[in-house]
Amino acid sequence: AQSVAQPEDQVNVAEGNPLTVKCTYSVSGNPYLFWYVQYPNRGLQFLLKYITGDNLVKGSYGFEAEFNKSQTSFHLKKPSALVSDSALYFCAVRDRGQGSARQLTFGSGTQLTVLP
Amino acid sequence: DVKVTQSSRYLVKRTGEKVFLECVQDMDHENMFWYRQDPGLGLRLIYFSYDVKMKEKGDIPEGYSVSREKKERFSLILESASTNQTSMYLCASNKPDGTGELFFGEGSRLTVL
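Chains as they are written, first to last, in this note's numbering: chain X, 1 to 116; chain S, 1 to 113.
Worth double-checking, as some hints may not be accurate.
Claimed, not checked - Here are the simulated DSS-like cross-link-like pairs (lysine-lysine), alpha carbons at most 25 Å apart as the crow flies:
1) Lys70/S to Lys53/S
2) Lys18/S to Lys71/S
3) Lys95/S to Lys58/X
4) Lys53/S to Lys49/X
5) Lys3/S to Lys49/X
6) Lys70/S to Lys95/S
7) Lys3/S to Lys58/X
8) Lys18/S to Lys70/S
Claimed, not checked - Where chain S lies over chain X, by a calculated footprint (3+ residues, C-beta under 8 Å):
9) 15-28
10) 66-72
Simulated from the structure, these hints should not be mistaken for laboratory data. Values in this document were obtained by computation on a predicted structure and should not be read as measured data. For glycine and all other residues, C-beta sits at the position ideal for the given N, C-alpha and C.
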């Protein structure tokens, strides 16, 4: 079975400060890992993914995430937060051993608020 | 630009009504999914389909059915809507031979009175 934990329901950060949104995962094999963002009353938009290779993954809008196999984590980061980054962020995992038809498992989401 | 289109963004229905939520994708994806999103619960899979006329139950299929008559279209059906089905419904699609990355529609917010 695969699972994802986002331990923080809410993260507040001042504009211009670095931000981190935490994610830990559990899979029986090796993971594919994803971050999605959702703005109010919209669908989910893809930010970035880890497939293989470099543990630091760069994505859209200046976001990046670091895959840490020993800690089973995939935290989302940005060096300097913008007010427009305020949104709901979801981490997701898929075990590589599973066919993609059995889909991703999502975390419960973290609401990021960037304060001006 | 590739798209997943959900026909209704906002719906208000009454208890007991039959509800259809439609989803169309233009990416020639074999897999299509219906999720339900509720605060604090993340996304929960209702049903998915890996081919025309093929479907499998997800984690919370009770009270829902689906239809996939054409590759590009996947419908979610609430046979008799109940107030506990008030939620945001998200359609998504992907290819079976990829990493599993999902492409989402804009969502359909359903309120059942």
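Okay, the hints, checked on the actual structure:
{"no.": "1", "hint": "Lys70/S to Lys53/S", "result": "holds (8 Å)"}
{"no.": "2", "hint": "Lys18/S to Lys71/S", "result": "holds (23 Å)"}
{"no.": "3", "hint": "Lys95/S to Lys58/X", "result": "holds (23 Å)"}
{"no.": "4", "hint": "Lys53/S to Lys49/X", "result": "violated (31 Å)"}
{"no.": "5", "hint": "Lys3/S to Lys49/X", "result": "holds (19 Å)"}
{"no.": "6", "hint": "Lys70/S to Lys95/S", "result": "holds (16 Å)"}
{"no.": "7", "hint": "Lys3/S to Lys58/X", "result": "holds (23 Å)"}
{"no.": "8", "hint": "Lys18/S to Lys70/S", "result": "holds (21 Å)"}
{"no.": "9", "hint": "15-28", "result": "violated (count 0)"}
{"no.": "10", "hint": "66-72", "result": "violated (count 0)"}
Violated hints, in rising order: 4, 9 and 10; the structure is consistent with all others.
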